[in-house]
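Residue numbers for the sequence shown follow the working numbering, so the first one is 712 and each next one is one higher.
Derived by calculation from the structure, the hints in this document are not laboratory data. Please note: incorrect hints may appear among the correct ones.
[Unchecked claim] Straight-line alpha carbon distances no greater than 25 Å define the calculated PhoX-like cross-link-like pairs of lysine-lysine that follow:
no., residue 1, residue 2
1, Lys898, Lys778
2, Lys780, Lys898
3, Lys841, Lys898
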Amino acid sequence: MEETKLLQWTVVRSLLAILQWWGFNVTVIIMNKWIFQKLDFKFPLSVSCIHFICSSIGAYIVINVLKLKPLIVVDPEDRWRRIFPMSFVFCINIVLGNVSLRYIPVSFMQTIKSFTPATTVVLQWLVWKKYFNWRIWASLVPIVGGILLTSVTELSFNMFGFCAALFGCLATSTKTILAESLLHGYKFDSINTVYYMAPFATMILAVPAMLLEGNGVLEWLQTHESVSSSLVIIFSSGVMAFCLNFSIFYVIHSTTAVTFNVAGNLKVAVAVLVSWLIFQNPISGLNAVGCAITLVGCTFYGYVRHMLSQQPPGTPRTPRTPRNLMELLPLVNDKIDDKV
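Just need the whole structure built from these sequences, with the hints factored in.
Next comes the structure, spelled out in C-alpha cells:
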C-alpha cells in the first residue's frame, strides 16, 4: 500500500513539476512578446539586462537568504577563466532570443529554437571530433526538414528575426560544449549557474544596452502612456524568468530524461498554441505541418539518445550528456535551455 502511494505521489509530483515549468516558460515567452509588441518597448538589450538583474537578485536570495540551495564555491580564478566565457555566450544567447521575439512570431521562433539538437551534434562533431551513431544523424533529418518547411511557409517571415533565432541556436549549442569543457569538476545546478553567470552577463550587457538603447528608453519613458503599469510588466517578466530557472531545476529532478524531452516538445506546442490565441498571428496549414514534423523529430532525437545511452560499456555509442550537466542550461531550448 505504501509503495502504491509513493508511486502515485511520484507521478503527481512529476506532473506538477512539468505543469509549473510549462506555466513559467510560456508566461515568459508571452510576456516578452507582449512587451515588444503591445507595450512598444522595442529594446531587447534592455529587457535582457533586466532579466539578468532579476535573476542575479533571485539566485542570491535563494542561496544566501532562504538557504534553499547550498552555494557551490568556485575559485576566483575559475570564475574568470571558466564561468566568464560561458556567461558571454549565455548573454549572446538570451539577447538573440529576445531580438528574434521582436521581429518574428512566437510560433516561428519556438520552432527554429528546436533546431538546437542539430547544431549541437554538428558542433560536437566538428570541434570535438565526437563519434555519433547513424541513428542520431537520421533523427536530425525530420528536424531539419521541418525547420525548412516552416521557414518557407511562414507568413510573417522576417530575415533579421530568423537569423537571430538561428544564431541563438548556435549560441545555445556553444554554451553546451563550453559547459562540458569549462565546468569539468563542478557539479552545478541551475540556481548556482545563474548565481555565477547572471552578474557577469549583466556586466557584459549593461554598457551596450545604455549606448545603443539608452536614448530610446528615455524617450519611451517620456512619451509612453501608463509607464508605471508597463514597467511593472517589464520587471515582472524578469521575475518570471528567474522562476523559470527554479522550475527547470525542479522538473529535471522530478522526471526522467525521456519524460523531460517529451514534455519539452509538448511545451513548444503549448507555447505556439497560446501565442496564436493571444496574438492571432497567421499560420498556414503547411507551416503547422512543418512545426509538427520538427517537434516529432526532436522527440525522436531524444528517444534515440536515451536508447543509445542505455547500451552496455564498450559499445560504440554517442556521447551522453550527464544528468547534472543538463542543469547547466538554465535559460530556454535543447528542451533544456528555456529562457527567452
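Results for each hint:
1. Distance check on the hinted pair: Lys898 and Lys778 sit about 18 Å apart at the alpha-carbon level, within 25 Å; holds.
2. For a cut-off of 25 Å, the pair hint linking Lys780 to Lys898 stands: about 13 Å separates their Cα positions.
3. Only pairs whose Cα atoms come within 25 Å are accepted, and Lys841 paired with Lys898 is accepted, the gap being roughly 23 Å.
Going down the numbered hints, you'll see the structure goes against none, and every one checks out.
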